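Chains as they are written, first to last, in this note's numbering: chain A, 1 to 255; chain B, 1 to 110.
Hints are computed from structural coordinates only; laboratory data are not their basis. The model shown is predicted, which means the values in this text are computed figures rather than measured ones. It is possible that part of the hints are untrue.
[As the list claims (entries may be wrong)] If you anchor each label on the Cβ, the simulated ranges turn out as follows:
id	chain 1	residue 1	chain 2	residue 2	range
1	A	G120	B	G66	47 to 57 Å
2	B	M80	A	V233	46 to 56 Å
3	B	A38	A	W185	42 to 52 Å
4	A	A27	B	G66	29 to 39 Å
5	A	K180	B	R34	48 to 58 Å
6	A	D255	B	I76	39 to 49 Å
Glycine is no exception: its CB is placed at the ideal position from the N, C-alpha and C atoms.
Letter by letter, the chains look like this.
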Amino acid sequence: MSELIENTPKTTGERVGVSDDTATTRASAFWEGVRGISPILLGVFPFALIAGVAQVNAGLEPFTAVAMSVIIFAGAAQLATADLLGKDAPFLIICMTALIINLRFVMYSASLSPHFSGIGRFWKWLSAYLLTDQAYAVSIIRFSRRHISGGKLWFYLGCAIPLWVLWQVGTVIGVVVGLKIPESWSLEFAVPLTFMAIMLPNLRDWAAVAAALTSGIIAVAAFNLPMNVSIIVAAVSGILVGFGLESFLERKAHD
Amino acid sequence: MTDITAWHIWTLLFIIGIGTFLLRLSFIQLFADRQVPAAITRLLRFVPPAALSALILPAIVTQDGGYAFSLFNDRIPAAMIAAIVAVLTRNTLYTICSGMAVLWLYQALL
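Bound-form chain A, shown alone:
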């Protein structure tokens, strides 16, 4: 009960501020979001293009390859799925691999949750479907800095919707172009390059470096394991090693 009383003024003040939540302020929050995400879109486009190319090169029908970007809408998982489909991996392994890669969304979901607490179910579902690394990163930084008149939801949608549109357009172009690119161009190498561009700048501490190194080494050592389980084994090991090292370093710092 005391919690409820404590929380009420804060949440209502954020959301319901009467003069603050009009069509005009919502539109301006939306455009603020669009401006926030736009520098990042430039880097997302080649990623979408490559996803389209990879999906069609894995043997998917062009229509299925385009639909995959709408149904899954998560780049790294889509590329891993395409790769494993091309290698005839068992379906259970493909599902597990894709979902392990997407586990990070739980972290984003938890972090955004207090900011979306008052919105209706439709908007929650829409926001969840549109959740990406980029929309999360831009929104959470802005949410923590200052009040957005017009509401956080609309700022978030301003980030998330242009990214969704660009992802679908990029995939379609990739699917069309991918069928025509000669194999000698080695365009499939753009996939690990894209992942490097996402991962390396975010290795900010030793525990994260250890997680990446462990996982990478195990993935290479185990890559010929039956049924393509190597990615799952490697990722889980890397997560545990990173977590273990962080716990160890923290305990040492406290001593």
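Using the hints, position chain B against chain A.
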């Protein structure tokens, strides 16, 4: 891709799609009123580096079902240059372009 019917593919895509949606929806709606256990948050922080690294390294040093640790593997120098560019510029486009450029240059020279 042998012996896989269109139905199998669609089923797979929908399972991954719905699973991914539920992961995204988790704390926004399904467990909205619950606190995230601290240990879970800390574990999840390592998902991106671990998952991506498991996809990156094998794509560089394995080829046609075997290891390719040699100077003739053009992807090794290309990845090294791209890694430096990624850390310095933090830019996806520059990383892809530099890596592909080194790869093609190497292929042209050898």
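Q. CB of B:M80 to CB of A:V233, is that within 46 to 56 Å?
A. violated, 26 Å
Q) Does the Cβ-Cβ separation between A:D255 and B:I76 fall within 39 to 49 Å? A) At 41 Å between Cβs, range holds.
Q: Note whether the CB distance of B:A38 and A:W185 lies within 42 to 52 Å or breaks it.
A: holds, 47 Å
**Q.** Beta-carbon spacing of A:A27 to B:G66 - inside the hinted bounds 29 to 39 Å or not
**A.** violated, 57 Å
**Q.** Pairwise beta carbon distance, A:K180 to B:R34, judged against the given window 48 to 58 Å
**A.** holds, 50 Å
Q) At the C-beta level, are A:G120 and B:G66 separated by a distance inside 47 to 57 Å? A) Roughly 55 Å apart at Cβ, these two residues keep to the hinted range, so it holds.
Checked against the numbered hints listed earlier, the structure breaks hints 2, 4; every other hint is satisfied.
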